[in-house]
Amino acid sequence: MEAENAVAAPPVAEPRRPSRALAFLRRTAWTWTLVVVILVVGVVSGALWSPFNENPSFDTWAYGLPALEEGRWWTPVTGTFFADAPWVYVPMILGLVGMLVLEYRWGARVALGYFCIGQLFSVLATALVVWLAAFITDWEWAQEMVTVLDVGASGGAFACLAAVAGRLPSPWKLRAWLAIIGLVVIGFLFIGNLADVEHLLAVALVLAVDRSFQPRRTTVREQRLIAFVALLAFGAISIVAALFPIVGPVGSTVDIADSNPWDNALNLVIVLVVANGIRLARRWAWLVAIVMLSINVLAAFALFVLYLVVDDNVLSEDSQALGVTTEIAMGLLALGILVYLIVIRHAFRWRRKGTLGLSPVPNRDDAVAMIQANGGGTLSWMTTWAGMTYARTTHGIVAYQRRAGVALVLADPLGPEESRAASVREFIEMAERQGLAPVFFSANEATRAALPDDWSSLIVADDTIVDLPGLEFTGKRWNSVRTSINRGGRENIEFHLGTLKDEPWGVQAQLDAISGQWVGDKDLPEMRFTLGTLDEAADPAARIAIARTTQGDVEGFLSWLPIYGEGGIRGWTLDLMRRRDGGTFPPVMEFLIGMSAAAFRDEGAQIMSLSGAPLTHEYPPEADIFAQLSTRLADLLEPVYGFKSLHRFKQKFNPRHETMYLLYRDASDFPRIGRALTGAFLPDATMGQFARAGLDIFRKKD
Numbered sequence: 001m002e003a004e005n006a007v008a009a010p011p012v013a014e015p016r017r018p019s020r021a022l023a024f025l026r027r028t029a030w031t032w033t034l035v036v037v038i039l040v041v042g043v044v045s046g047a048l049w050s051p052f053n054e055n056p057s058f059d060t061w062a063y064g065l066p067a068l069e070e071g072r073w074w075t076p077v078t079g080t081f082f083a084d085a086p087w088v089y090v091p092m093i094l095g096l097v098g099m100l101v102l103e104y105r106w107g108a109r110v111a112l113g114y115f116c117i118g119q120l121f122s123v124l125a126t127a128l129v130v131w132l133a134a135f136i137t138d139w140e141w142a143q144e145m146v147t148v149l150d151v152g153a154s155g156g157a158f159a160c161l162a163a164v165a166g167r168l169p170s171p172w173k174l175r176a177w178l179a180i181i182g183l184v185v186i187g188f189l190f191i192g193n194l195a196d197v198e199h200l201l202a203v204a205l206v207l208a209v210d211r212s213f214q215p216r217r218t219t220v221r222e223q224r225l226i227a228f229v230a231l232l233a234f235g236a237i238s239i240v241a242a243l244f245p246i247v248g249p250v251g252s253t254v255d256i257a258d259s260n261p262w263d264n265a266l267n268l269v270i271v272l273v274v275a276n277g278i279r280l281a282r283r284w285a286w287l288v289a290i291v292m293l294s295i296n297v298l299a300a301f302a303l304f305v306l307y308l309v310v311d312d313n314v315l316s317e318d319s320q321a322l323g324v325t326t327e328i329a330m331g332l333l334a335l336g337i338l339v340y341l342i343v344i345r346h347a348f349r350w351r352r353k354g355t356l357g358l359s360p361v362p363n364r365d366d367a368v369a370m371i372q373a374n375g376g377g378t379l380s381w382m383t384t385w386a387g388m389t390y391a392r393t394t395h396g397i398v399a400y401q402r403r404a405g406v407a408l409v410l411a412d413p414l415g416p417e418e419s420r421a422a423s424v425r426e427f428i429e430m431a432e433r434q435g436l437a438p439v440f441f442s443a444n445e446a447t448r449a450a451l452p453d454d455w456s457s458l459i460v461a462d463d464t465i466v467d468l469p470g471l472e473f474t475g476k477r478w479n480s481v482r483t484s485i486n487r488g489g490r491e492n493i494e495f496h497l498g499t500l501k502d503e504p505w506g507v508q509a510q511l512d513a514i515s516g517q518w519v520g521d522k523d524l525p526e527m528r529f530t531l532g533t534l535d536e537a538a539d540p541a542a543r544i545a546i547a548r549t550t551q552g553d554v555e556g557f558l559s560w561l562p563i564y565g566e567g568g569i570r571g572w573t574l575d576l577m578r579r580r581d582g583g584t585f586p587p588v589m590e591f592l593i594g595m596s597a598a599a600f601r602d603e604g605a606q607i608m609s610l611s612g613a614p615l616t617h618e619y620p621p622e623a624d625i626f627a628q629l630s631t632r633l634a635d636l637l638e639p640v641y642g643f644k645s646l647h648r649f650k651q652k653f654n655p656r657h658e659t660m661y662l663l664y665r666d667a668s669d670f671p672r673i674g675r676a677l678t679g680a681f682l683p684d685a686t687m688g689q690f691a692r693a694g695l696d697i698f699r700k701k702d
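Mapping the sequence shown onto this note's numbering, position 357 (from 1) lands on 357, and the numbers just tick up by one.
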């Protein structure tokens, strides 16, 4: 009774989880605190709206050699929170993104350590460097820098950016290092403010501590990327010199800025064209770069000899002497790039377009023979279709298409199973030497395991495989297939399995009409690459499964591709699926697949693959650009080809799944990969057809 009258306790409310924005702010609290302090100091001092270097208190809080010599020991700390001009606050605060990332990913201790040590080291080391330079030499720039004061947090900010670069995965680590090093070196040589020395020394400190910059451990592709970035940096110097005439550590750029702007523009275009050729592994670009840089080096050497040998009267004007010094500095930069291009000359070899691999160049017959001798996967026979190019490796063959700067490999390398990993690595090197982005589409786990550690993968499909030994259409899960087969028997639907060329002319004509009708109803042409047509079904190695009435009317048909294993064919892969428009037997596809499975089982086949419908997989967030492109392409093609509904249909046959991957180097290849896949799947589609298909989608959505 007491229990009946007891009042149930109210449910305890679960604590609300903080929002993502609030959680992010908590994880990066020290960075935001620094930003707030900088802004508050800017408001209190008035530096946020008027130049602080004109403020009477500037000498009290700014750091530099004069401040240390006069005993203002606190300035390396206090100067951190000021900016010398209002506009500087924007780049200074944006520069703290490195600290933000460090704190979010690796914790406050790491972020504060890099920022504080980097800031103090850059300020104190800069004071020491300029003092030594002014004490030992008569260098005009050094004599000026010992009198300069500075403020700002950029030294610590650059230290944090360098620390983030050292923690990035390959190949982004090397790329980020190159960008940062190029930025600070060019800033020092051709701007040379006190802050530029601080940036250079802060990055040098992280380089010495982290030791993560190892350009020697690079692929051929990365070697070309380094050369590409170096040439762009060399061209950027001309822009800086033309737009911002200054007197820096290596001299004056006034003469360069006063030169004909059209000459500067032409030189810039030449550098951009040559640099892009270097990126694409063009031998002509390498030769042009060698000549161009050699001219710069020889000119600088001649000026250097002139500067040392001739009478002082010849170079009596200070500005002229400074201009010579600038040209010599640019010549030194050119010499460094020239030496590097010579060292990596093997990355730019003469090759005839379209030929990869060892000689003799293989053809389709070689690919067929290798599949029959060594076996292959469920998609291997598709590598024998028209449009494929073949590259010979030491022990195998790789089938690929060359599109949009991509060497797009279909499935896995052909050849002995134990040699396929070596073929993967060989092909990657072959493609990269020609400036192509190697990509493997619908590859299996073994190919994925053979890739370099810094490669990435995406799941693009799940191969649906039915194991045939002992297959019986019994039980609830086979109900729909069993019902279709039984209905076919009641309605006198005949099943026939053979080859297309052995079918009577009347049957072939019906198959052609059904296929033509299917294609004619679509706004886009038949897809290729992993989807065949009647041309591929006519291959004597392929088989045709036909369902027809007793009157001889074909209700639908399938085409099957052989899967070779040791000693012969071990299974079959589904390719074409076509039904007659207005047919009298709706479950014709279930009937055909079920009857084919029974026939293959009775012949002793081990597996039957229903293939993986392309563009149906849900991509993870890290797929980013490719996921967006694939999703848009899938949405465009779904009303036309029905891949998603096809994928759901195949689940009626209770298959097991084997993962198919897209294997690629890094996300920077995604734009090219998207164009290559579109061209491979729809090689004959026109822009008008794409537009009409898109309009059809919108009509159906409405």
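Careful: at least some of the hints might be erroneous.
To be verified - Dumping the calculated SDA-like pairs for lysine to any residue here, alpha-carbon to alpha-carbon at most 20 Å:
1. 501 / 421
2. 652 / 416
3. 501 / 417
4. 476 / 655
5. 650 / 501
6. 650 / 512
7. 501 / 483
8. 173 / 97
9. 652 / 552
10. 650 / 531
11. 650 / 467
12. 650 / 552
13. 652 / 403
14. 173 / 233
15. 652 / 512
Claimed, not checked - Computed beta-carbon distance windows for the label pairs:
16. 298 / 46: 47 to 55 Å
17. 675 / 355: 47 to 55 Å
18. 445 / 211: 29 to 37 Å
19. 683 / 270: 31 to 39 Å
20. 355 / 651: 25 to 33 Å
Simulated from the structure, these hints should not be mistaken for laboratory data. Fair warning: this is a prediction, and the values are worked out from it, not measured in the lab. Beta carbons: idealized from backbone N, C-alpha and C, even for Gly.
Verification of the hints:
{"no.": "1", "hint": "501 / 421", "result": "38 Å, violated"}
{"no.": "2", "hint": "652 / 416", "result": "34 Å, violated"}
{"no.": "3", "hint": "501 / 417", "result": "33 Å, violated"}
{"no.": "4", "hint": "476 / 655", "result": "15 Å, holds"}
{"no.": "5", "hint": "650 / 501", "result": "28 Å, violated"}
{"no.": "6", "hint": "650 / 512", "result": "25 Å, violated"}
{"no.": "7", "hint": "501 / 483", "result": "31 Å, violated"}
{"no.": "8", "hint": "173 / 97", "result": "17 Å, holds"}
{"no.": "9", "hint": "652 / 552", "result": "28 Å, violated"}
{"no.": "10", "hint": "650 / 531", "result": "16 Å, holds"}
{"no.": "11", "hint": "650 / 467", "result": "14 Å, holds"}
{"no.": "12", "hint": "650 / 552", "result": "27 Å, violated"}
{"no.": "13", "hint": "652 / 403", "result": "36 Å, violated"}
{"no.": "14", "hint": "173 / 233", "result": "18 Å, holds"}
{"no.": "15", "hint": "652 / 512", "result": "28 Å, violated"}
{"no.": "16", "hint": "298 / 46: 47 to 55 Å", "result": "53 Å, holds"}
{"no.": "17", "hint": "675 / 355: 47 to 55 Å", "result": "22 Å, violated"}
{"no.": "18", "hint": "445 / 211: 29 to 37 Å", "result": "35 Å, holds"}
{"no.": "19", "hint": "683 / 270: 31 to 39 Å", "result": "35 Å, holds"}
{"no.": "20", "hint": "355 / 651: 25 to 33 Å", "result": "43 Å, violated"}
Comparing the model with each numbered hint stated earlier shows that hints 1, 2, 3, 5, 6, 7, 9, 12, 13, 15, 17, 20 do not hold.
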